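Sequences listed follow chains Z and P, in order.
For the first sequence, counting from 1, position 211 maps to 211 in our numbering; every step adds exactly one.
For the second sequence, counting from 1, position 13 maps to 13 in our numbering; every step adds exactly one.
Think of the hints as simulated: they come from the structure by calculation, not from any bench.
Please note that the accuracy of each hint is not assured.
Computed list of lysine to aspartate or glutamate pairs in EDC-like fashion (alpha-carbon distance at most 20 Å, straight line) [stated by the list, open to error]:
no., chain 1, residue 1, chain 2, residue 2
1, P, Lys7, P, Glu36
2, Z, Lys240, Z, Asp214
3, Z, Lys250, Z, Asp280
4, Z, Lys192, P, Glu50
5, Z, Lys52, P, Glu36
6, Z, Lys231, Z, Asp214
7, Z, Lys192, P, Glu128
8, Z, Lys192, P, Glu48
9, P, Lys17, P, Glu48
10, Z, Lys31, P, Asp3
11, Z, Lys159, Z, Asp261
12, Z, Lys240, Z, Asp261
13, Z, Lys192, P, Glu130
14, Z, Lys182, Z, Asp162
15, Z, Lys231, Z, Glu206
16, P, Lys17, P, Glu82
17, Z, Lys52, P, Glu74
18, Z, Lys231, Z, Asp261
19, P, Lys17, P, Asp86
These figures come from a predicted structure and were not determined experimentally.
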Amino acid sequence: MRSFLPAYDLQAPRSLAEALALLEREPGVWKPFAGGTDLMVLFEAGALPQRKFLGLWHLSELRDIEVAADAVTLGALATYTQILGNATLQREFPLLCQAARETGGVATQNRGTLGGNIANASPAADSPPALLVYDAELELVAARRSRWVSYQGFHTAYKQMDLRPEELIGRIRLPRSGKSWKQYYRKVGTRKAQAISKVCFAGLAEVEGGTVRDIRIALGSVAPTVIRCVKTEAVLKGQKIGAAALDAAKAALAEEISPIDDFRSTARYRLRVAQNLLGDFLLQLNASTLKNDWKRHATYERFDRLP
Amino acid sequence: MPDAVAKTTVTCTVNGKQRTLRVYPMARLLDVLREEWQLTGTKEGCGEGECGACSVLIDGELVNSCLVPVLQVEGAEITTIEGVADGDRLHAVQEAFISSGGAQCGICTPGMILAAVNLLERVPDPGEAEIRTGLAGNLCRCTGYTKIFAAVVRACQRTQAKA
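So that you can see chain Z by itself, here it is in the shape it has in the complex (with noise of 0.2 Å):
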């Protein structure tokens, strides 16, 4: 049922000081509410829990994207139009931006900010497992005093975060690594726009010679959390790209990584499709040397079939 409309509250504060101010007066008991993507759906279906708002939107102090020599930082209200946009994000960070393109369509790209994304701790965003492997960092904002932490650890359970009630997200920075990264990226939906993940998946690797030097994976709607799978990550470091190095990391991965069935997939395709996206991940990060091995390789086989 819709929601009563006299009943909620959104109050929109002039500052970024402003803002900060009644949060630190009265903590707990505004919701910020930014560019409203997900809110509003729950609002129409009368399912928010909250009844008063802190909009902000019209905050100018939050939304621009800065690139310094070390890091780009971005404004918590960037909307995913502005990402797509930045020269420097395209080029350095494509697995946010490709993050951003497969979110909604044009016009929650518009409306939809990536502080939100975080702040609404769904599982299922697609930005949080880019930002996973990029290793970014969470400004956290407060009257009184701001704290950098890192998004890693961020989530502490299902829809749980580490953010205080008097604080807001700030800026998001994305270390520059200048490290030569393949990167991956892969949602899993029932349509490219507008359809909610079943499975996201993102991925840097740096390979040297057909052995992994360094990786990162990280994947969204397969735990309570987006999640980094560090277990995986160790068993894939300093191994050669082959059938023998994807069984075990995909044994790892089953370890670490706990879908459920719900309305949008199964537990068992959710396994089964984080599997089989570590098989492509590892196979474009080496598939000219390698190819004879993963023919061998059961995952693969169907791929030999398609036309």
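Since the structure of chain Z is already known, use the hints to place chain P on it.
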């Protein structure tokens, strides 16, 4: 009944005309357009940002008006389907939708036209992939999209012939 919050005053420009309204801050822009200002060209499809039937332009950007609380358009310039034509002269995209058979039942058409108008403003000569991306958030259950894409192609040919 829960306590009612105070109404607030919102001022914005709609299709070139300044409007002011006393309204609950979480009212959906969609409802305000249709029920307060009688701009019923904007349609409600899904009401959850999936279908694009309620698309309008805010400061030149395409949005789903069902997902925008009215407080967010304070000071903004809004264009709805009623503001696309220049008086009695239809926009090239509107002409093309008529001549290509791009409209059938009509529920998706206003949003589809605004998405197409917005696409051509950003990308004057879009390729097929760009047209598909530009209209990906707008669902049509009648046409099968082919005639809609044809209409966008025709509109951009006409716009370029004029330029």
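Original post:
Are Lys192/Z and Glu130/P close enough, with their CA atoms no more than 20 Å apart?
Top reply: With a Cα-Cα distance of about 14 Å, the restraint between Lys192/Z and Glu130/P holds, given a limit of 20 Å.
**OP:** With a cut-off of 20 Å on the C-alpha distance, tell me whether Lys7/P and Glu36/P pass.
**Re:** Measuring from Cα to Cα gives roughly 14 Å; hence the hint holds.
Original post:
Does Glu36/P lie within 20 Å of Lys52/Z when you go C-alpha to C-alpha?
Top reply: violated, 24 Å
Original post:
Does the alpha-carbon distance linking Lys182/Z and Asp162/Z stay inside the 20 Å limit?
Top reply: violated, 31 Å
Original post:
Does Lys31/Z pair with Asp3/P here, judged by a C-alpha cut-off of 20 Å?
Top reply: holds, 18 Å
**OP:** Measure nothing beyond the straight line between the CA atoms of Lys240/Z and Asp214/Z; if it is 20 Å or shorter, mark the hint as holding.
**Re:** holds, 12 Å
**OP:** Would you check the hint for Lys231/Z and Asp261/Z, treating anything up to 20 Å between C-alpha atoms as holding?
**Re:** violated, 24 Å
Subject >> Given pair status - Glu82/P, Lys17/P, alpha carbons within 20 Å >> reply: holds, 12 Å
Subject >> Pairwise hint evaluation, Asp280/Z against Lys250/Z, where the allowed Cα distance is 20 Å at most >> reply: holds, 12 Å
Original post:
Taken at face value, is the distance from the CA of Asp261/Z to the CA of Lys159/Z at most 20 Å?
Top reply: holds, 18 Å
Original post:
Holds or violated: are the alpha carbons of Lys192/Z and Glu48/P at most 20 Å from each other?
Top reply: holds, 18 Å
Original post:
Holds or violated: Lys52/Z with Glu74/P, Cα cutoff 20 Å?
Top reply: holds, 19 Å
Comparing the model with each earlier hint shows violations of hints 5, 9, 12, 14, 18; every other hint is respected.
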